[in-house]
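2 protein chains.
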Amino acid sequence: MKQTTIYPSATVANMVCGFDVLGFALEEPCDKMTVRLLNEKTVRVVHHDSYGLPTQPEKNVAGVALQAVLNQVKENIGFEVEITKVIKPGSGIGSSAASAAGAVYGANILLGNIFSKTDLVRLAMFGEEVASGAQHADNIAPCIFGGVTLVRSLHPLDVVEVDFPELQVTVIHPQLEIKTSEARKLLKPEVPLGNAVKQWANVGALVAGLMKHDYELITRSLHDYVAEPVRSALIPRFDELKKHSLEAGALGGGISGSGPSVFMLSKNANTAHRVADAMRKVYNETGVDFHVHVTTINRKGVKEK
Amino acid sequence: MKQTTIYPSATVANMVCGFDVLGFALEEPCDKMTVRLLNEKTVRVVHHDSYGLPTQPEKNVAGVALQAVLNQVKENIGFEVEITKVIKPGSGIGSSAASAAGAVYGANILLGNIFSKTDLVRLAMFGEEVASGAQHADNIAPCIFGGVTLVRSLHPLDVVEVDFPELQVTVIHPQLEIKTSEARKLLKPEVPLGNAVKQWANVGALVAGLMKHDYELITRSLHDYVAEPVRSALIPRFDELKKHSLEAGALGGGISGSGPSVFMLSKNANTAHRVADAMRKVYNETGVDFHVHVTTINRKGVKEK
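Here the protein sequences come in this chain order: A and B.
Under this note's numbering, the very last position in the first sequence is 649; numbers go up by exactly one each time.
Under this note's numbering, the very last position in the second sequence is 649; numbers go up by exactly one each time.
Here chain A stands alone, though its shape is the one from the complex (with noise of 0.2 angstroms):
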């Protein structure tokens, strides 16, 4: 039976400024999928995890995002996919946008890479869909696409790479249960036109610090004056976490998608485990169960390894 392996990463949507925009890939956590042709138009979802995720097809993430694909082949093939899930879903570090881009990565090895990266996106998208209720891809895109991404649209999609430089990773994600959904309540339905032109400046010099490798440009520009004021109330100690974070040497970040989860950017190995530890200091505080990842941006998207 014709089959692949892939492992799909976990991602950070927003980075700072760049709300429903900008993301990037992570090196760590991947989750573990197998995709497997059958000769049957049918989909099969099978999971090795505990996460109690349902499997029926048309509720599963990766599962929808298969049968996007097979609406595509006129074939009379189908999928297996078995999941091994390693990104919690509810962290915020796009568990989800890992199982429907894996998912549609792997499917596509199968019938020979008849897909684009921009397809995979698109059909992967119907698979989020399920998991936050709305289409976006601010996960999907740098998931496949790996490194840094900015969607511009999302219809018709047009997903823009963002060339970086070296950047280290600090992920905390504090073990709470933040909805999407509710995130996305809190944000106010209009944006005072000076927090606007405020935000898209940060935008603009974000695109043009990454893209010149400026680590000061980059600092200077991860403000967000949209989502962190109303979301950060929703993790404790936040404000401890940024400022720590910031003394230990990063050159900022925030809030991971609509949270939990907390990232920071350092420019070495050094300054991110400085960042890991100030962070577990001031979480250590609190009760809270929490995890803390080092990592680094992962140029390649999905891996097949």
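Rather than coming from a laboratory, the hints here were simulated on the basis of the structure.
You can take every hint at face value.
It does not matter which identical chain is meant; a pair holds if it fits inside one copy or across any two.
Below 20 angstroms or equal to it, Euclidean Cα-Cα: the simulated DMTMM-like pairs (lysine to aspartate or glutamate) are:
no., residue 1, residue 2
1, K461, E648
2, K403, E473
3, K461, D558
4, K461, E560
5, K556, D502
6, K523, E572
7, K432, E526
8, K556, E510
9, K556, D507
Could you slot chain B onto chain A? The hints should help.
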């Protein structure tokens, strides 16, 4: 008497999606300014043009900018400036910014280049304030730095230079008066979040497109959800100008600053001239007097010829 003659150029602020943030310098038109060092603490302004601009130093854009320079130096010196304005006041291509930027640039030459370009932008902003009632830098920054600039922040001032490919510019200046203050009143004080996201997606993508020299991405990013939808009503036949310019091969464009000038970017001079013809054809039917310039982006900033 120590003196210098310099040529500050016209500039285009906003650059469609980059409201209050992006701008670029034009190769032509340029004002001519001669700045002289005086040995008394005073500022004198002489105009060799027929625009009836005030010559009292405290009411003149160049005069106020020169006073701001004097406030930074201890020596008992002063400046006289002779100005021949070529950039018509009120045209929307940075006429007052050129006066302010040219004055401080010339003064700095006479002082032995003691100020950085960012310092000069900061000083020139005092002059611009006289003309527009508010400090802004989206014309002054490109006038002084040349090329395409992004003003990430005004306080503290943070100007980012953005690399770009060859770009030709066609500008039509309909002989109408649009006051910046009135154009500003048309803007809504709040931006719906969905439009704000689209705007910063385009700002980020435009910066990436310019830096990657990706003309197609530049074209796709030149959309404005904030100013153009309300301000274009002040410019007769705006939609037709845009439509026929795009049909003639323009990459995109929009209102220059707060208008009434409209600019279009093209890949090469032939296209820029075709765009000029298309613009003339639209405006020949209106009865409104107009000028059309075909020029390019000025990479140098203020010229010393």
